[in-house]
Each structure stands twice: as C-alpha cells, then as structure tokens.
Amino acid sequence: MDAALSLTDISKRYGAFQAVKDLSFSVPKGSICGFLGPNGAGKTSTLRMILGLQPQTSGSLSILGAGDGRSVRDRIGFLPEERGLYKKMTPVDAIAFFGALKGLPTGEGRKRARVMLKQQGLEHAQTKKMKELSKGMAQKVQLIASVVHKPEFVILDEPFSGLDPVNQQGLEEMIRGLAADGATVLFSTHVMQHAERLCDKVVLLARGQKAFEGTVDEAKATTRRFLELEGEIAVAAAKALPGVVSVETVRSDGPVHVLKAELAPGGRGQEALKAAFLNGLDVRRFELREPTLHDAFIGLTGDDPDQDQTVRRENLEAAR
Amino acid sequence: MNRTLLIARREYAAYAMTVGFWLSLLAFPMFAVLGGAIPILMRTSEPVRAVVLVEEGPGAEGLAGSVRESLAADAARRAARAAEAQEAAVKATGLPKEAVEQAEKQGGGGLSEALSRQRVRLVETPAELSAAGSVEGQEAVVRALLTADVERDAQIDSVVFLTRDEAGQPAARVWSRRATDDTVEDFIRDALQSANRRQVFESAGIDGSVVVETERFRPDVKLFSPQSASGGEVSFKDRLPGIIGLASAFLLWSLIITGASILLNSVMEEKSNKILEVLLSSASATEILTGKVLGVAMLTVTVLLVWAGIGSAGLLFSFPETARDIGSILLEGGMIWYFVAYAVGGYLMYAVLFAAIGAFCETPRDAQTLMGPIMMVLVIPIIVVQLALRTPDAPLVKIMSWVPFFTPFLMPARAPSDPPMFEIAGTMAGMFATALLMVWIAGRAFRAGALSDVKLSWKSFAGAIRGGGR
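Protein chains in written order, with UniProt numbering: chain B, 1 to 320; chain V, 1 to 470.
In isolation and in its complexed conformation, chain B is listed as follows (with noise of 0.2 Å):
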C-alpha cells in the first residue's frame, strides 16, 4: 500500500535538547495510524514536523507526495493538542472560517457544518456561542472545524484528552467515519486503549526515539503471555504443560497454589489448559491472561505512557 507519509531519520532539536532522534515510520495511505508515547515523548514536535510547523534538524518527510507539509496544508486537516475556537463565533461560522482557511467556499462551509454538527448531534448547538458550549461539545465542532474542507490526510494531537467516555466513543466514531470515506489518519495518544481499539498500525514512541512500528496484534505479540492457574498442582506438572516457558508461584494456600505459567511466543493458551485438565491436574481456576498495547509498551519502552515524562517534557517546552 502507497504510504500517504513516510519521515526518514528525522531528528529535532532545540538549542541543547534533543526531542526527537532519527526517527523513521510510515503510515500507509486510508489507514488510522496511532503516534504513541507518554507526554514529553516528542510527538507534539514530530506532528509540527509533518505539518511543516517546524523544521526538522535533519532527516526528510514525504506527506501526500510533498517535502513539505506546508504545501499541501489544504489537503491535511489538524487538530492540535490545546484546542481553541474563537469564543464568540457560532460552531457553524468557526466551521466555515477554517474551511475557508483550506480553500473552502464559505457558503458550501455553512452549509457542510450544518450538517456534520447534525450528524454529530449539535444540531441545537448552531446558533450557540463557542463560549456557550460545553467542552466536549466544543471539541467535536473542533474537530469538524479541523475536517470540513474533507482532508486528504487528518492529523489529531491528543485528540481524546479531557473527553469523558461517551464522547471519547463518539470521537472513535468519528476517526472510524473519517477513515471509511478515504482519508488517513493519525492520531497521537497516551491512553492505549484508544489506539488498540482504532489503530491499523501504531508508532510505539519513547524518549524521542522510535521503540516499535507495526500493527496492534504485532505490538502485543512483542511481550510475554501468562496462563494462571489455581490448584493442587506442583510446580513441575505446570512447567510440563505445552507452549509453557517457565512457572512461578504467586502464592500458597496450604497445598493450593497459584501458578502464573509463561507462554513461549506463539504458544497457545488453550492447549496448554487441554493439556492440564487431560493430565488430571487438580485446576479449580484458570485464567489465560492476553497482553494489552499497555503491556507491549511497558514491554518494549520500560516506560509507563500513563505516567507524564513530566521533567522531559518541561526540558522540552523550555527548549522550544
């Protein structure tokens, strides 16, 4: 599949600090591509790279055919980390503005924010001041804003943050409907459930460097599974089990014991279980524990993407 972007070795640095260190992904073209890291990781930076809102130190980017995301600015669309809409216009005049700003003709602007704000349920919200809606309500226009002029290419900083869970499963909504009519998107995160859920493929960030790229299931399969079972079983039965790498005991209740049993890459949970119960062991609970993208990040990063790279990020806002 053609890739819509592609970076090469792309390094940013200010002054003394180095944000971002050749850094290299792609994102194939009509996919959703997930740009993971904690905060301070450098991706607010990489994504004004794309953009062409900074220069890069050194390395190259191709976004839809160009060096330069400043030239074809009117076929990416972008929603940046803090949003803000002007407080006094209404959601459909601030909708057509930016579409303007893209090459959109004002009325056909009006005219699409209609809809979408509909479409969205905003419907009442029309006529309503920026200032008037709630922040929820006021980041889906943002998004509508960032998607009228129907982009070639969507860029959303942190696009799920501040948002409580009804309006972060309409956003997954919208970043699915954007992705069915053709565009590429991609979004960065800290909170993985989003990605593992949207994501063709994910860009595993750490410290400004590259720590994975490839999809979700090839993100998960990076880190260990475990099968825990619960019992009169000893350890070594456990260990004999097929597919199963090592045993500990988590902990004893006389002679019950729970056992967490590593599985070997490609190994399969319900086999080794089959097995088990065809052995006769004594398993009163089992549970097969599959990886999450937030195992896979710990895994791969020995980072937390929960937890702020808060002097990190303050070195890197000083910087800028």
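These are calculated hints, taken from the structure and not from any lab test.
Values in this document were obtained by computation on a predicted structure and should not be read as measured data.
The reader is advised that the hints may include incorrect statements.
[Claimed, not checked] Pairs of lysine to any residue, SDA-like flavour, derived with a Cα cap of 20 Å:
1. B/LYS87 x V/THR18
2. B/LYS87 x V/LYS274
3. B/LYS131 x V/THR363
4. B/LYS87 x V/ALA16
Model the placement of chain V on the given structure of chain B, informed by the hints.
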C-alpha cells in the same frame, strides 16, 4: 478569498460587529463635545452671588464705591470678550452677525452668555443689618441672613464688611453662605487691590479717572507675518495649518497606539486560546500577521472615517467657513497625503511590533516586560510635538524627526511650516525602511513566539528574531 483577506475580515468583524466598539467609537466625539460644552454649562448654570456691602466706620468710606466700580469694569470686560467671541464666530461661519445672534438665541445663548455673565451682584443692605449697632449684633444678623431658608432670588450669599487696617489700607471680612465658596472673596480682593492702587496713584497726584481709564485699556496687538495668506496680518485661517498639524500628530499617535494595542490583545487572546496553532496549520505566519495587521488597519480606518464624518458634519453645520478652510488645507495644501503616508508607516512599524510581542504572551502581564519601556519611549514625541509646532526648526525637533519611531508624529506637526524637501523625503524613507525592517523582524519573532511556551523577555525576544521561528 485568499487567506490573508479571510483573516483580515474575521479580525475586523470580531471588533466591528460588537456594540462595545461602536459605543467607544462614538464616545470620543461625544466627550469632545461635552469637553467643550461643560465649561460653558458650568458658567451658565453657576448662580450669581447676591452680595451685601457694609462699610465699617468712617475710614472705610468710599470702599463700597470702589467695589461697585470694579464690578462695572468687570461687566464691561466680559461684554467686550463676548463681542470678540461673536465676531470670531461671524468670521468662522461666514454668516451675517444677525444670523449668528439669532442662532445663539436659539441655542440658549450659550457662549455669549457664558462669557458676559457676571458671578457677583450687589444687593441692598437689609434693614435689620443696618439697624444692628455693635459688631456682635451685626454678626448675629449676618449669621441669620446666611442660614435663612428663603427663595433663591431673595437669598443673600455673602456679606462683606469693608474696612481699613491699621496702616490705612483697604481690608475686608467676607461672610459667605458656603465655607467652600471663595468667589466673593476673590472678587473683593481684586476690587480692593484696585482701590488701593487708585488711592496710591491719587496720593501721587494722578487723577482717579485716569487710573480707571488706564486699567480699562486693552492694547490692540496684531500678529503679522510674511507667511500669512495676505502677506501681512496673521488671521485664524493662517493659524489653521498649525492647528491641523498638531491635531494630526495627536490623532495619529492615538490611532496608531490604539490600533497596535488592539492587535497586541487580539494576538495574545489567540495565543492563550491556542487558536494560533490551528491558524498556523492553515496559513503561513506571514499570511496571519498580514491579515491581522490589515484587519485592525481597516478597523482604525473605520474609526477615523466615523470621527472625520462626525467632525466634518459638525464643522459644516456650525462653522462652514472654517470647514471649507480645513478642507482646502487638507486637500489642496496636500496635508492629507502627509497624514496618510505617516499613518501607514507609523501603523506598520508599531502594529507588527506589538503583534510579535503578543505572540509570546498569554496575558497583558506577560507583555509588560516589553511594553513598559516601549510606552515610555512613545511619550517622548507627544512632548516634543508641541515644540515642533512653535519652533519647527529647533535642532531638537529636527534631530528627533529623523528617528523613524518618532517621524510619524513629529513630521505632520512640522508640515505646516514647510520643512525642506530633503527632510520630508529622508525622514519618510527612513520611516518606511524601518517599517519594512520591523515587518521582517516581527515576522520572525511572531513565527517563533506563536508556537513557543517560553516566557517573554528581551533575551527570548531577541533569540526568536535570531532563530527566525522556522
């Protein structure tokens, strides 16, 4: 529509579509009119104090007469001043004297009445005061008179006891209804000063009528200049270019600073609302900066047109002759082109600078680091502009005219005195060159500041200019 114009249109509409903008726009001419009308209203609404004169003892004899003469002289002076004002109004409006008088009567007689109106009138001494024998008795009656709750017309505001001190010089005790009102006190002081002067001259053998006549004398001094239109006497019309120059300088200063401040606040608001980043993903920094500068310029032009419209209508209605003269100076004399050129250059210099500062700030407090010194520097031309009007060729004025940041304010003030062409061309070239340099510097700073989280300081601002944002 291209992005620059879209941004300019939004910027313009954001202010021009608000009620507050039009209210503040109309407030200026309203306050200007009020500023002129209030002193007249104060004069005409001020009550005329009813004053009783009492000569204390034989030594004070004749002092009341002197006070009456002073009052009569004051009335004559005021009448003469009112007549002069009326004559000026006839000249300015080009209307016949009768028409001006008629218009004044219809308007309530404002200016003439204000100028001719006396603040003090003398009334008969009440019988009970004349009948009171002792000083204590008199003072008891005075207290009763000054605290009596009677009709305004029958009210006595002040009782003046005229006397002479041990040296035989005129003195007075002024009793006033209000302790804070010193009008009668001032009037009596002037009158007794005059009486004393007359007494001194008379004792030197000079007749009293000569002294009165001397005091009444008002010299007829006329200003002549070869630069006047007639080549001789200087008329109001000859003074008009100077007045227009000074007004232009002040108007330019106020419009440029107001426009630049609007821009500063607008950019700061967009920075704090995180709109700048969205805008930057849709348009270049140059397009955004140009659009915003253009939008606020349109706003400033709107303000100027509305003020000019109101001012012209007011002048045409009240002083058609003066309005014609102003029009001729601005259009035929070419002063309007000075105004336009310096407005464009000045606005460009300051607007882009303020916008660049705004790109680094989220609150006015953030901006204070740079704005404080800039505003202090901006006060300098306002002080010098008055000197430029009287002595346009003073070395200080000439030197400061060459400072590009002061050129837009000092050169319009100097324009009526026809400065040499090389100074006009040179200062204008310097101003536009600086404006272009400012656009370049501010463009770089704006680009860097818009995406920066760095706190504004001289160092960070200079760093942004060096780095250039991109």
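Exercise. Mind listing which of the numbered hints don't hold for this structure, in increasing order?
Key: none
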